[in-house]
Structures are given as C-alpha cells and as structure tokens.
Amino acid sequence: MPWTILPGMAAGALLSFSRALGEFGAVAVVAGNIPFYTQTAAVYVLGEVEGGRRASAGAMSVVLVTVSFVLVLAVEAWQNRRMKNAV
Amino acid sequence: MPFERGAAPLFRGERWLNRTLIGVVLAYVGILLAAPCAALARGAFAGGGAVLWRELARPDVLSAFRLTLALALGAVALNTVFGVLTAWVLVRHSFPGRRMLNALVDMPFAVSPVVAGYMLILLFGRGGWLAGWVEWSGFRVVFSWPGMLLATVFVTMPFVVREVMPVLREFGAEPEEAAATLGAGPWRIFWRVTLPSVRWGLLYGVALTLARALGEFGAVYVVSGAVQGRTETAPLFVFRALDERLTVAAYGVSLVLALLSFSLITALGAYQKREEEKISPRGPGAEREAA
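As given, the protein sequences belong to chains A and B, one line each in that order.
Count along the first sequence starting at 1, add 266, and that's the number in the working numbering.
Count along the second sequence starting at 1, add 1, and that's the number in the working numbering.
Be aware that one or more of the hints could be misleading.
[Said to hold, decoys possible] Here are the computed distance ranges between Cβ atoms for each label pair: (1) F191/B - S322/A: 45 to 53 angstroms; (2) G274/A - L124/B: 29 to 37 angstroms; (3) L27/B - E316/A: 40 to 48 angstroms; (4) L272/A - G230/B: 46 to 54 angstroms; (5) F172/B - T270/A: 51 to 59 angstroms; (6) E175/B - R320/A: 25 to 33 angstroms; (7) A276/A - G139/B: 24 to 32 angstroms; (8) F302/A - L243/B: 57 to 65 angstroms; (9) A279/A - S138/B: 21 to 29 angstroms; (10) W130/B - E316/A: 18 to 26 angstroms; (11) N299/A - P167/B: 36 to 44 angstroms; (12) I23/B - V336/A: 34 to 42 angstroms; (13) R285/A - L243/B: 21 to 29 angstroms; (14) A279/A - P167/B: 16 to 24 angstroms.
These are calculated hints, taken from the structure and not from any lab test.
Every residue, glycine too, gets a C-beta built ideally from N, C-alpha and C.
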C-alpha cells in the first residue's frame with residue numbers, strides 16, 4: 267500500500283494542530299498581546315485570568331480544551347481501528 | 002528514540018533529487034532551530050564572557066535556577082513512578098474506560114499550558130472544589146510551589162507513559178509470566194524483569210520530562226503568579242528580564258536552559274549507542290547494512 271505513513275502523518279498533524287492551538291510562551295514573547303491583532307486564544311485566557319474575569323477565561327478555556335480533547339480522541343480512535351485492521 | 006543508521010537513499014541514481022530533499026530539510030531545521038540558537042548564543046555573549054557570568058550570578062537568577070531544578074526533579078520523581086504504573090496498567094490490563102484513559106494521557110500535549118494552569122487555579126484557588134481541603138491542610142497550592150509542581154507534573158505527564166508503553170507491549174507478558182511460574186514474587190518480577198526491559202524507554206521518558214520541565218512556562222506562569230525571588234522559575238525570569246530589558250541575563254538564562262536540555266538528550270543518545278555497541282560490536286545498524 268502506498269499510504270502506510272498516512273495514519274502516522276494524520277496523528278502527527280492533529281497533535282501538532284492542537285499543540286499549536288494552545289501555544290503560549292513563544293507567541294507571547296514574540297508578538298506581545300495586541301487585541302484583535304497579535305492576541306491568540308491562549309494569550310487572551312491569560313489576560314482574562316489576570317484581570318479576574320472568570321467567565322470569559324473559562325469560556326475560552328472550555329473551547330480550547332474541547333477542541334484538544336476531540337482531536338486526541340480522534341487520533342486514539344483512528345489508531346485503535348488501525349491496530350484492529352492490522353491483526 | 003533510537004537513531005536509525007545505515008539507511009539507503011530512496012531514489013538511486015537520482016542524486017540531484019536526494020540532494021534537494023536533504024537540502025530542504027537542512028534549510029528548514031536551520032532556519033527554525035539552528036539560527037535561533039545561534040542568535041541566542043550571540044545575544045548572551047554580546048557583552049563578553051565576564052558580563053554574562055556576572056548576570057548569571059544575580060541572586061534572582063540563582064534562585065530561579067534552584068526553583069526550576071527542584072520542580073523538574075520533583076516532576077521526574079512523580080512521573081517516573083506514576084508513568085511506569087500507568088503504562089503497565091494500560092498495556093497489561095483490560096478494564097472499562099481503558100481507551101478513555103489512554104486518550105486522556107495525551108491531553109497534556111494537546112491542552113494549552115495556560116489553560117492547564119487555569120484549571121489548577123479553578124480547582125485549588127478561592128471557591129475551587131478542593132479549596133476547603135487546601136485550607137484544612139494548611140498548604141498553599143496556588144501562587145506557591147505545590148501548584149507549580151502540579152503544573153509541571155501535568156505538562157510532562159505523557160512522556161514516561163508514552164516512551165514506556167511501546168517497549169512493554171513489544172516485550173510482552175511472557176517473561177513476567179515465566180518468572181512467576183519460577184516462583185518469583187510480584188515485587189521481584191518488577192525489579193528484575195519488567196524494569197530492566199523497559200529501561201531505555203524509561204530513560205528517554207525521564208530525559209524528555211526533565212527537558213520539558215526545565216522549560217515549562219505557561220502553566221507555571223499562570224499558577225505561580227511569578228513572584229520575584231519566590232515563585233519565579235528560570236523561564237519566568239527570562240520573561241520578566243525581557244520585559245525589563247535585562248537582555249544579557251535573559252539570553253544567558255535561556256542559553257543555560259537550552260544547553261541543559263540539549264546535553265541531556267545528546268548524552269543519553271551517546272550512552273545508548275555505546276551500550277548497544279557492547280551487545281553487537283558493529284552497532285545497531287550492522288545487520289541491516291549487511292543485508
């Protein structure tokens with residue numbers, strides 16, 4: 267099969283995506299924290315936490331965690347199916 | 002993980018293609034990884050070695066390094082014990098929720114560290130689920146070292162599990178069962194059979210845990226409050242130093258952190274190579290090269 271590396275590639279891509287989605291340190295240092303311009307979701311959460319705005323910090327966190335969790339579950343399900351097919 | 006040696010070029014006779022592919026990879030890695038590292042070293046030595054040395058001896062820098070080291074070692078200790086246990090349970094046992102647990106182990110890789118830190122605040126901070134317990138025990142978790150340790154443990158949790166699991170799966174349960182039939186107790190089986198066979202996976206897991214713990218920023222930043230001289234780790238110091246234009250100190254600390262992580266991984270790779278050459282003198286790729 268020509269697509270032997272496809273599942274691994276997809277799993278790696280999904281994990282890269284979810285990691286990139288939440289990246290904080292490097293982005294905060296390089297881009298600062300300019301609303302509507304260089305403010306990413308993770309940097310936004312930090313601002314809301316520091317400002318004591320629990321509702322908005324929680325809302326964005328829930329969105330980020332849900333997306334990450336769905337991606338992780340997708341990778342897991344995919345790899346399980348692959349293993350069953352291989353046996 | 003182990004490095005492959007003796008790989009054959011994919012496209013025989015198409016030298017230009019192989020060279021282009023290698024060149025693209027080198028350029029990518031060079032721009033993304035090597036160039037920033039070089040820039041960092043240049044920034045750290047901008048004022049000369051003496052200035053760098055003086056900046057690294059600042060009391061707040063030393064205190065930050067001490068704290069980072071303590072947190073990293075604590076995270077390694079906890080994640081070694083519970084990581085091996087988790088890997089063993091996930092590989093050797095079947096129980097309801099096993100797949101869910103397996104997926105959950107990857108969450109720290111996927112969840113934003115800032116959110117991870119915030120979750121700890123929600124859990125242990127004022128009005129949190131465990132706030133009453135925290136008050137009762139007299140421990141401070143948020144804005145103090147227990148919370149920072151928890152944050153570090155959280156973000157480094159998957160490494161040991163994910164490095165040990167494939168090794169456990171590969172070597173199978175037979176040696177353990179054989180030891181049991183020969184009359185060895187569970188404790189003895191673990192120390193004499195299970196642990197030696199997973200030691201490379203465990204070592205890599207520990208090295209990656211250490212490297213990641215040394216550099217963790219987001220989760221620790223949120224949960225610690227970054228109180229200078231008290232809850233300020235080395236990466237948090239770098240962040241503040243950049244803000245306060247203490248550039249040599251910021252670059253210097255970053256360089257030390259980068260060198261620590263890099264030498265850790267490199268030393269482990271070299272050690273593994275030496276150990277493998279003891280077993281087969283021509284090295285791990287010998288059979289493949291002969292084939």
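Cross-check of the supplied hints:
1. F191/B - S322/A: 45 to 53 angstroms: holds (48 angstroms)
2. G274/A - L124/B: 29 to 37 angstroms: holds (35 angstroms)
3. L27/B - E316/A: 40 to 48 angstroms: holds (41 angstroms)
4. L272/A - G230/B: 46 to 54 angstroms: 51 angstroms Cβ-Cβ, so the 46 to 54 angstroms window holds.
5. F172/B - T270/A: 51 to 59 angstroms: violated (24 angstroms)
6. E175/B - R320/A: 25 to 33 angstroms: With a Cβ separation near 53 angstroms, E175/B and R320/A fall outside 25 to 33 angstroms, so the hint is violated.
7. A276/A - G139/B: 24 to 32 angstroms: violated (49 angstroms)
8. F302/A - L243/B: 57 to 65 angstroms: violated (23 angstroms)
9. A279/A - S138/B: 21 to 29 angstroms: Since A279/A and S138/B have Cβ atoms about 43 angstroms apart, the given range 21 to 29 angstroms is violated.
10. W130/B - E316/A: 18 to 26 angstroms: holds (22 angstroms)
11. N299/A - P167/B: 36 to 44 angstroms: holds (40 angstroms)
12. I23/B - V336/A: 34 to 42 angstroms: holds (37 angstroms)
13. R285/A - L243/B: 21 to 29 angstroms: For R285/A and L243/B the Cβ distance comes to about 23 angstroms; the hint holds.
14. A279/A - P167/B: 16 to 24 angstroms: holds (20 angstroms)
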